[in-house]
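Residue numbers (my numbering), protein chains in the order written: chain A, 1 to 339; chain B, 1 to 339; chain C, 1 to 339.
No lab work stands behind these hints: they were computed from the structure.
Nothing here was measured: the structure is a model prediction, and the numbers come from that model.
A couple of the hints might just be wrong.
[Unchecked claim] Derived list of chain C stretches under chain B, where covered just means 3 residues or more per stretch with a C-beta under 8 Å from a C-beta of chain B: (1) 42-54; (2) 73-80; (3) 167-174.
[What the hints assert, rightly or not] So, partial list: chain B residues that the calculated Cβ filter (under 7 Å) puts toward chain C: (4) 40; (5) 41; (6) 68; (7) 95; (8) 98; (9) 317; (10) 324.
Idealized CB from N, CA, C, for every residue including glycine.
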Amino acid sequence: MAKSKLFGKDLICSQEWSEEELIQVLELAEEMKENRFNYQPLLKDRTFFMFFYNPSVRTRQSFECALTELGGHAQFLEPKTMRLKTATTAGETVEDAAKVMSRYGCGIGIRILEDMVSRYGEGDELIREYARWAEVPVISMAHDKFHPCQGLADLMGLRTHLGKELQGKKLLLTWGHGALARSWSSVQETLLISSRFGMEVTLAYPAGYDLDPQIIEQTKENCRAKGSRFEITHSPFDGYRGADVVYSRNWVSPDAYRGGRFHKGEEMKRAMRYKEWICDPEKMKLTANALFIHPMPVDRGHEVTDEVASGSRSLIYEIAENRLHVQKAILALIASDLW
Amino acid sequence: MAKSKLFGKDLICSQEWSEEELIQVLELAEEMKENRFNYQPLLKDRTFFMFFYNPSVRTRQSFECALTELGGHAQFLEPKTMRLKTATTAGETVEDAAKVMSRYGCGIGIRILEDMVSRYGEGDELIREYARWAEVPVISMAHDKFHPCQGLADLMGLRTHLGKELQGKKLLLTWGHGALARSWSSVQETLLISSRFGMEVTLAYPAGYDLDPQIIEQTKENCRAKGSRFEITHSPFDGYRGADVVYSRNWVSPDAYRGGRFHKGEEMKRAMRYKEWICDPEKMKLTANALFIHPMPVDRGHEVTDEVASGSRSLIYEIAENRLHVQKAILALIASDLW
Amino acid sequence: MAKSKLFGKDLICSQEWSEEELIQVLELAEEMKENRFNYQPLLKDRTFFMFFYNPSVRTRQSFECALTELGGHAQFLEPKTMRLKTATTAGETVEDAAKVMSRYGCGIGIRILEDMVSRYGEGDELIREYARWAEVPVISMAHDKFHPCQGLADLMGLRTHLGKELQGKKLLLTWGHGALARSWSSVQETLLISSRFGMEVTLAYPAGYDLDPQIIEQTKENCRAKGSRFEITHSPFDGYRGADVVYSRNWVSPDAYRGGRFHKGEEMKRAMRYKEWICDPEKMKLTANALFIHPMPVDRGHEVTDEVASGSRSLIYEIAENRLHVQKAILALIASDLW
Chain A
1 MAKSKLFGKD LICSQEWSEE ELIQVLELAE EMKENRFNYQ PLLKDRTFFM FFYNPSVRTR
61 QSFECALTEL GGHAQFLEPK TMRLKTATTA GETVEDAAKV MSRYGCGIGI RILEDMVSRY
121 GEGDELIREY ARWAEVPVIS MAHDKFHPCQ GLADLMGLRT HLGKELQGKK LLLTWGHGAL
181 ARSWSSVQET LLISSRFGME VTLAYPAGYD LDPQIIEQTK ENCRAKGSRF EITHSPFDGY
241 RGADVVYSRN WVSPDAYRGG RFHKGEEMKR AMRYKEWICD PEKMKLTANA LFIHPMPVDR
301 GHEVTDEVAS GSRSLIYEIA ENRLHVQKAI LALIASDLW
Chain B
1 MAKSKLFGKD LICSQEWSEE ELIQVLELAE EMKENRFNYQ PLLKDRTFFM FFYNPSVRTR
61 QSFECALTEL GGHAQFLEPK TMRLKTATTA GETVEDAAKV MSRYGCGIGI RILEDMVSRY
121 GEGDELIREY ARWAEVPVIS MAHDKFHPCQ GLADLMGLRT HLGKELQGKK LLLTWGHGAL
181 ARSWSSVQET LLISSRFGME VTLAYPAGYD LDPQIIEQTK ENCRAKGSRF EITHSPFDGY
241 RGADVVYSRN WVSPDAYRGG RFHKGEEMKR AMRYKEWICD PEKMKLTANA LFIHPMPVDR
301 GHEVTDEVAS GSRSLIYEIA ENRLHVQKAI LALIASDLW
Chain C
1 MAKSKLFGKD LICSQEWSEE ELIQVLELAE EMKENRFNYQ PLLKDRTFFM FFYNPSVRTR
61 QSFECALTEL GGHAQFLEPK TMRLKTATTA GETVEDAAKV MSRYGCGIGI RILEDMVSRY
121 GEGDELIREY ARWAEVPVIS MAHDKFHPCQ GLADLMGLRT HLGKELQGKK LLLTWGHGAL
181 ARSWSSVQET LLISSRFGME VTLAYPAGYD LDPQIIEQTK ENCRAKGSRF EITHSPFDGY
241 RGADVVYSRN WVSPDAYRGG RFHKGEEMKR AMRYKEWICD PEKMKLTANA LFIHPMPVDR
301 GHEVTDEVAS GSRSLIYEIA ENRLHVQKAI LALIASDLW
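Next up, chain A with everything else stripped away, as it sits in the complex (with noise of 0.2 Å):
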């Protein structure tokens, strides 16, 4: 029995983590990839929490899942009925919460959404003081602002398909307009992580749609260490040419945290007035042949067209596939003493 140079590491941004160390994430995924049923002794008999302050369908599939492939049990829980201490109400402390979990299972995965905390960055604190008390490493499922997971799947499917030297290839990362008001963890942790292996990234948005300003003096950061391009247009067209990567996908403003809670239904309503904002086969003329990518779930007929998202260089369905074994892979390297 032995354990990886990463147990026990926290995964809340990959920004946190070395290449290396993601390169060593993204190569045992794809091992695992082509050897599905191979790696079940790794977490046997291993109980691992996910704690979902948010509902989601794929998280949630593909981490019960990534738990039963390694030979372990993922819990789903839904901390809505547990009676944790707020400023106001008496409860268990986070403290508590996480020093206890840690006598029983073999990691933490929590997800917190922004419609589930009062401002941005609200839920980052709460990941970062479950890992502060946890004696197990603390796993980011998403929340309001990083999606790691994600980032790392997205990555995989590039290295797949454009090959391992990413340096140089050309990302479009692209706001769509729909109903859904969507966080910005995923976006961020792409500009993130496709920065850090050296992608051009070009991030387009409707003037008012902003993300972190933190995040982009950091993703202007890696692509200066790459000696790559990073750009912001206001069109919905310009970024198109010669694009080898199309990312399409709705955001809110930083206008939805208001007075103290997300302003989901404004959100709606103001995102669908941006009609041009939909990537389709006439924009994507404009690319290098661009793959197409996107976290899911799509909305397809605002993000994207149905001919996009269903087409030849579409790589959803791959991607959403990745991220069972990405987490596989993140798992057994931080939680496993049984290697």
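Once you've looked at the hints, dock chains B and C against the given chain A.
Relative to chain A, chains B and C alone:
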């Protein structure tokens, strides 16, 4: 590693499988009942998705147990938390949901009953839409039209007690009063599967409680093909004469679906008026010492009296147990690549 | 394949098991703690049903984890979605539910606390009704009267730190203020099991917070049988003198159940008035360097201060961990046929 000939086949209604295929399920289920914990490697570390649009007790317990005993794991999912696209709201398409699940799991079970649909048949359409897109088998865990696992469990019970040759045995399938406003799914499935295997069928219900005319037509055809009789009566007594098996169960009237919704409260009140529609020892005396069967939960005191439900000729617990065995057999045949 | 002598035995209150049987559980739990992942075949592929009439965090986590570590699977069931028969509504009887579950599973756990029953004792009656009909063992996962797994976890912690001979060791079980309106189950169980094993027991609470008189009577009898002392005090200080163990915990008054419902809000307000009822370092100085125990979740700042709860004499996390080990031991003894 090998697969059965049934690998990949959907199970939405027993009528869509050949008699030979159904017998293969039943024989494997009988073996599995004999030797319960010997089939663990067949779905080793595999994931099965259970989609409960409607809650359930027995179906959830028996499917989840089936996966555990086959070495895999069943995920309990409630689609109310999924953002599926509808005519009026943005969300994920069934195509996308089904294709992604096909990457993670070895099969998908769906339960959707009359109170979750706006008209009879809509649940059946939704299951077929999943089956259309899924690359893994889709199985009905009871829907507005059919309940194939219940039909097979019934048949397994009858084979045990009446012998494998059911030709000419007489089944009374009778309506019972009660306040539970029950689905047509179980009774329609049993009409089809019992007539398929040559039983004489009498269907008894108060005027106004017609079932789906297409199912009745198919049952008649099944009887014709086997040279056995099919009768409908509106007497609460007549059908009992000479019966080998009595199945007494409540179901809603066709008026339950009106104006795009399911009128549960009205149905419950209406059904409670027919107090003579109960299976009791008096009526059972008219039979040929008939077995009593029921898909459970039993509404004791309305559908049937305690004396009959708990009597020595009642197969209710045995058939409930059979649910486990037939589901294990079905899943092993359609979803295992480890034979 | 063999079974323990305890195979098939229900566990509703530790008082109903002999001292020898309880010691057998504790010794096995101690072995399992030493050698945690070595007991996997004992419930291989077996299903255990967890019925949560009340939500729970720790109990759910530790039971589900126990089954995983024994090689089986615990189904998480919330009976709110079951259509059980009541005095006024149609539905399934406990007899039918219990008999069917006995066909699928190796055991049934039930949690039902004060706010889900209309009067004290009703939860206990429901568990005994399940136990009456089930053909597999029924285990309390905390109910309105008892919490046997918590009592055993407490005892296991005390054996580790005070030695296996607890005769004559002094336990202070004291009420604490707080706004969580807590059950009598844990404290009543610990009164019984600690007195059973010869501890001197002091019970301290404000006038008006009497526990169940029958439990007090039984505790006195247990003390008499062992020749140890039992005292009740209404001082928030006196009981601390010379104590080896302090257990400070909120519980509701007998007035909480009135007119067929549980008055949670009133109880919360009422309990918050007794601010001197808190376990703090000042009071702990009166003890014989006492250990601090608590069934968690801890209401820090009300029941106990942070200094004590997180202090070097606190066993809260260790005892929470013991829940896992005692539950594994109990389940292995009462539900495994694979010894």
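To see whether the hints hold, each was checked on the structure:
no. : hint    : verdict
1   : 42-54   : holds (count 5)
2   : 73-80   : holds (count 4)
3   : 167-174 : violated (count 0)
4   : 40      : 5 Å, holds
5   : 41      : 11 Å, violated
6   : 68      : 4 Å, holds
7   : 95      : 29 Å, violated
8   : 98      : 25 Å, violated
9   : 317     : 5 Å, holds
10  : 324     : 6 Å, holds
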